[in-house]
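For this one, chain A is given, so just place chain B on it according to the hints.
Chains as they are written, first to last, in the numbering used here: chain A, 1044 to 1369; chain B, 1044 to 1369.
Just to be clear, a hint being listed does not mean it is correct.
The list treats identical chains as one, so a pair stands whether inside a single copy or across any two.
[Stated by the list, open to error] Below, simulated SDA-like cross-link-like pairs (lysine to any residue); rule was C-alpha separation at most 20 Å, straight line:
| id | residue 1 | residue 2 |
| --- | --- | --- |
| 1 | Lys1091 | Asp1124 |
| 2 | Lys1118 | Pro1210 |
| 3 | Lys1325 | Tyr1309 |
| 4 | Lys1228 | Leu1111 |
| 5 | Lys1325 | Ala1163 |
| 6 | Lys1228 | Thr1152 |
| 7 | Lys1228 | Asp1092 |
| 8 | Lys1191 | Glu1224 |
| 9 | Lys1191 | Lys1325 |
| 10 | Lys1191 | Glu1216 |
| 11 | Lys1325 | Leu1312 |
| 12 | Lys1325 | His1248 |
| 13 | Lys1189 | Thr1121 |
| 14 | Lys1325 | Arg1281 |
| 15 | Lys1191 | Trp1226 |
| 16 | Lys1189 | Gly1208 |
| 17 | Lys1325 | Asp1280 |
| 18 | Lys1325 | Arg1310 |
| 19 | Lys1091 | Asp1218 |
| 20 | Lys1191 | Asn1260 |
| 21 | Lys1325 | Arg1177 |
| 22 | Lys1091 | Gly1368 |
| 23 | Lys1191 | Pro1328 |
| 24 | Lys1191 | Arg1262 |
If you're looking for bench data, these hints aren't it; they were derived computationally from the structure.
2 protein chains.
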Amino acid sequence: MRTWLRVAVVTLCVCIPLTTATAQNPTPDAVRPGWALALHGGAGTIPKDMDPKLVEAYRASLRHGLELGRGILAKGGTSLDAVEAVVRFFEDDSLFNAGKGAVYTHEGTHELDAAIMNGATLACGSVAGVGTVRNPISLARLVMEKSKHVFLIAAGAEAFARAQGVPAVDNHEFDTRRRWEQWQKALHDDKFGTVGCVALDTQGHLAAATSTGGLTNKRWGRVGDVPVIGAGTYANDRSCAVSCTGQGEQFIRNTVARDVAALVEYRSLPLADAAHAVIDGKLQPGDGGLVAVSKTGEIALVFNSEGMYRGAADAGGRFEIAIWGE
Amino acid sequence: MRTWLRVAVVTLCVCIPLTTATAQNPTPDAVRPGWALALHGGAGTIPKDMDPKLVEAYRASLRHGLELGRGILAKGGTSLDAVEAVVRFFEDDSLFNAGKGAVYTHEGTHELDAAIMNGATLACGSVAGVGTVRNPISLARLVMEKSKHVFLIAAGAEAFARAQGVPAVDNHEFDTRRRWEQWQKALHDDKFGTVGCVALDTQGHLAAATSTGGLTNKRWGRVGDVPVIGAGTYANDRSCAVSCTGQGEQFIRNTVARDVAALVEYRSLPLADAAHAVIDGKLQPGDGGLVAVSKTGEIALVFNSEGMYRGAADAGGRFEIAIWGE
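Chain A on its own, in the form it takes in the complex:
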């Protein structure tokens, strides 16, 4: 029954068609059955008249991230390794509001948040308000695997990083001219910037990872949904893995990631229906979106904003990236 379901569902279409899909390398060699991957690089108001060179840069980065995750999963790697690697890659790419390229706070600094969750064990790790760690997602994984805790913040999280041998970087390492100009103009043209990845591996285990620099011009130690397990990040082998991007406060109030998983687990909704029920039914238009993968390999890429940088791939040869809706 479950095998039949998996076979049937893996072939399902994603709920929001990827109109600008790039279907290259559709079937890599030696693909094992059953893996699936989805990622995002943030949702929000993404101007359709964006410089074509910038559009191509985003596409190239999304494509590279998707290839990176596919490479790990297709070889039988774990979903946890895949989501961490993909999010690290986006953290290192200054195009996205996470790691290098993080937006500026009110004080002209950078405060980074990240979370990772293992759907097989519900183990998870979160960090919030860190400013001296190059890859917050890997620090979140250290919190999960090398501490008894789940959630470390601010100076304490940085002391933990040092105790774990994570080198300190100067906060100005996250500076970029583009984000500085946005901050100066308070343009907020991609204020929902976040990166995230969800994966199902060939062992049937789910994982989710999300990382962000938060809101442009944020102050007062504001933390959004990303490090709040159940809001921006959630994975549970009983249902699905979810990574969100958008107006963080709305995603916390609506416990969005956990709610999608609850609708899958307790109401037996198909993943896409669950995602739409929450994004379209509970949030306000423009709030943002999410990517999700279910235990049966369904993929959902759902948003109610103008666009969402996103991609999806699976063992059946799917390999698609997109930015805007239809």
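Structure of chain B alone, referenced to chain A:
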């Protein structure tokens, strides 16, 4: 149908009998129909041979907290005002690990976390890692009502407090000899100390509030479940309000408060069954417990630790406090 359900359910017994209940003032004058209240002062290993004078001090404080909440609700006050007032009262009582009486961190300081949620609107506010605010639960309410945000941490949250006119207190104001001795001995005899309150008001609206000093000897800016909406604190008029206490990491991994609400909303479980399904079915023995009130006035006080300081009252005249199980 809903009216019938409310009438039927209000008469239900609580899932864990309050064996040491104090049934005084069973029916206050001019009680309006439909309100209900539950509170806790932490769960964990509470020695049964505790000094009888200390036991009586805890009982007196629980009784006072319950009277305070009852007074507000019975007069038609809001659930939000009731849960804030009750939690403030416990924060000011050095018996409990919240506000005055908070445990010591590894560095010999106090780092306080709190959250509040309005079930009618899903508005919520959280603070984590604050050390200079006498009543963190009221700062959480300011975050909810006076900022666009939901979650503020550490120095930023304190700057917000100052901007809101909340006076600064010296961190040593939270010092108490008893907690200092526990820290020195690393006794951890009530390491799950937290206070919380949930309420249904006569308008049919739910609210939840939770506040804590966290783990004795904590370090690295460790944050537990209390300020994580959906983990330690949650309220939603569609289902119930929940406040948790226990091994915070376990409550985050299992999104305990949101999961109880999801089982009520999506599986239509009675509140007590939902609470037991999560506390007994998903956590480890000894992890802790929760108090919850449903939209129909059901009350659940469920824990899998040796004891939980707790109390419950409702418009039907119920007024009970307890510490241990049967």
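Going down the list of hints, with the structure as the test:
1. Lys1091 with Asp1124: neither (34 Å within a copy, 47 Å between copies)
2. Lys1118 with Pro1210: neither (30 Å within a copy, 58 Å between copies)
3. Lys1325 with Tyr1309: This pair counts as both: shortest intra-copy Cα distance 18 Å, inter-copy 15 Å.
4. Lys1228 with Leu1111: Neither: 35 Å inside a copy, 50 Å across copies.
5. Lys1325 with Ala1163: Answer is between; shortest inter-copy Cα gap is 14 Å, intra-copy 28 Å.
6. Lys1228 with Thr1152: Classified as within; 16 Å inside a copy, 40 Å across copies.
7. Lys1228 with Asp1092: within (19 Å within a copy, 65 Å between copies)
8. Lys1191 with Glu1224: neither (41 Å within a copy, 24 Å between copies)
9. Lys1191 with Lys1325: So lysine 1191 and lysine 1325 pass the 20 Å test across copies only (18 Å; inside, 34 Å).
10. Lys1191 with Glu1216: neither (30 Å within a copy, 29 Å between copies)
11. Lys1325 with Leu1312: within (16 Å within a copy, 22 Å between copies)
12. Lys1325 with His1248: between (28 Å within a copy, 19 Å between copies)
13. Lys1189 with Thr1121: Within one copy, since 18 Å is at most 20 Å while 44 Å is not.
14. Lys1325 with Arg1281: between (23 Å within a copy, 13 Å between copies)
15. Lys1191 with Trp1226: Between copies only: 18 Å across, 37 Å inside.
16. Lys1189 with Gly1208: within (12 Å within a copy, 40 Å between copies)
17. Lys1325 with Asp1280: between (24 Å within a copy, 14 Å between copies)
18. Lys1325 with Arg1310: both (16 Å within a copy, 19 Å between copies)
19. Lys1091 with Asp1218: neither (26 Å within a copy, 57 Å between copies)
20. Lys1191 with Asn1260: Between copies only: 13 Å across chains, 33 Å inside a chain, cut-off 20 Å.
21. Lys1325 with Arg1177: For lysine 1325 and arginine 1177, the Cα distance exceeds 20 Å both inside one copy (35 Å) and across copies (35 Å).
22. Lys1091 with Gly1368: Within one copy, since 11 Å is at most 20 Å while 62 Å is not.
23. Lys1191 with Pro1328: between (39 Å within a copy, 17 Å between copies)
24. Lys1191 with Arg1262: Classified as between; 11 Å across copies, 30 Å inside a copy.
Of the numbered hints given earlier, the model fails hints 1, 2, 4, 8, 10, 19 and 21; all others are met.
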